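Undergrad: In order, the protein sequences belong to chains A and B. All you need for the working numbering is the position in the first sequence, starting with 1, plus 271. All you need for the working numbering is the position in the second sequence, starting with 1, plus 35.
Hints were generated in silico from the structure; no laboratory data involved. Computed from a prediction, not measured in an experiment: that's the story for all the values here. Just so you know, not all the hints are guaranteed correct.
[Said to hold, decoys possible] Under the rule of at most 30 Å between Cα atoms (straight-line distance), these lysine-lysine pairs were calculated in the DSSO-like manner:
(1) A:Lys395 <-> A:Lys276
(2) A:Lys370 <-> A:Lys342
(3) B:Lys149 <-> A:Lys290
(4) B:Lys149 <-> A:Lys394
(5) B:Lys125 <-> B:Lys107
(6) B:Lys107 <-> B:Lys94
(7) B:Lys298 <-> A:Lys395
(8) A:Lys502 <-> A:Lys475
(9) A:Lys276 <-> A:Lys290
[What the hints assert, rightly or not] To list a few chain A residues with every Cβ distance to chain B over 10 Å, as calculated:
(10) Lys290
(11) Lys342
(12) His458
(13) Phe506
Built from N, CA and C at the ideal position, the CB exists for glycine as well.
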Amino acid sequence: MAEIKVRNLHKEFGVGEDKVVALEDVNLEIGGHVFVSIVGASGCGKSTLLNILSGIETPTNGQVTITQDDKPANAGYVFQAARLLPWRTVMDNLLFVQKDRSEATRARCQRYLEMVQLGDKGKKYPGELSGGMQQRVGIARAFSTEPDVLFMDEPFSHLDAITARSLRAELQSMWQETKKTVVFVTHDVGEAVELSNRILVFAKGGRMADDIDMPLPFPRDVSDPDVAVAKANVFKTFENIGALAVS
Amino acid sequence: MSDTDTLTRRRPPANPVERFAKSPLAGRIAFPLVCLLVWLVALEVVQSIWPFAVDVLPKPTQVLSFMWGEIKGETLAPYNMYETFGISLKRLGIGMAIAMVIGTVIGLGMGLSKSVNAFFNDWVVAILAMPNLAWALFCSLAFGFGDIGPIVTVVLTGVPFVIINVREGVRNAPLDLYDMGRAFGVSRGHIIRHVLIPSLMPFMFAAGRYAFALGWKGLVVAEVFGGEDGAGWTIKFWYDAHRAHGVIGYAMFFVIFALLFEKFMFDRLSRYFFRWRPEVNAADVVEERFDAPPPAVVTAGAVSHANTAAMESLNQVTAGPKSEREHGDDPRRHHDG
């Protein structure tokens, strides 16, 4: 079982007068087959936390451990923009992040491309695909490494509402099928409520303001009254921490 | 054809003459014809003012006859055209290879390190500002007659362009792709091979093209002053022999070689290395906009297209995301209308 432990995490950027505190004394534990969303306004440290968890950035202070059955866990990442190598084909983009290029690995990559409905696009270059298709490739790439933990940083924020909705449904079905631990950053409360069984609310200054359980059954429909109430409760939290105040 | 098609497809020209007139081939054929016309007119004008100029200014037929003789290997010069250009191309190739290696190493260093950049920057700008002629004269004095002077001139002419292009390539390196590789635990060597090097290729190509064009010119000047063979030296040979058709004929060979290299080497390599780039020609798009029908017709078509797209989107949502019918975000469908 994958387990993420964050202890007294602190992150600063810049020095002297330019110093900005991105994360302050963050403590959390995430484990098992969970879909955890981190929500908050722009600049509250959501993406910084994800970058530290994935090893892209290092913390100023504090400790992060990510394990799978007490061994270091493998992680996959879906970025805000797809971040595909434009000079490699779709299949080669998936193979780029693999440990080997064996037939079995190719078959696995093909399987994940089919899961995102791009099974016939393996030989295309990213420039030949639409934004939604490129983001699907990004999702397939992350799943194709069969990671223990999957980090996702606002993966649908650049897409139109229709495509984003379609991809959310695909992601949820893939998560149910693969039983990964997913940490998902978003500024869209509705998206967080639709996808997650746990929501971490972050406030300005990089503090974790609340940790909300979402026990509603999947799949969730935005028109469901229970989902609407859950969404309202998350907004209530934002109101309580003053994040909805107009400055 | 629907109204929508007029938005995305170019309207076919009315008749074959118009179609040919608008084709790139017509432009390519027209340019030398216009040059020939200007040449003949200029010849008439100059000779009507200075009748003695008839001995100096060659007619196109004289130049073509000279070039044909050279192509057949008949020449009064010590070396025929093939030997001459063989010698010059060998020097150009060696000089460019050295310039690319030195320029890439220094450019990488300047892109990756501020102190290396500070060390080289002013000198690179100074070398860049130096005229070809100065290098050619300096190298002739320093290395005398032979291969070394022209080769060093090519290196000195080309190397600052390579340095600056590679440095800019490193500075424009796709950091988001490096981070992506690191997030997935991809090895450093794999990232250099599959991210850094391909991202530098457009800059290397630009550098190669500049180094070739300017190195070619520098080489000829160096051969004029410090060569005992080669294209530059042969142009000077015909100049000393007071044969204007020889000078112009060799200059034209020179241009033809440059065009052949551009067309058959750089263009083909570019098409191979950058085959991943979507083929969108801005000139085509602009021309298409000018050719588009009046706004009223387009608006009607666009509304109809938007309605169809909206219905398609709604169907997509109601049928569910895993439906087989969901191909709505395939960009080619939009182009095809």
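Undergrad: Can you give the numbers of the hints that this structure goes against, from lowest to highest?
TA: Violated hints: 1 and 4; rest satisfied.
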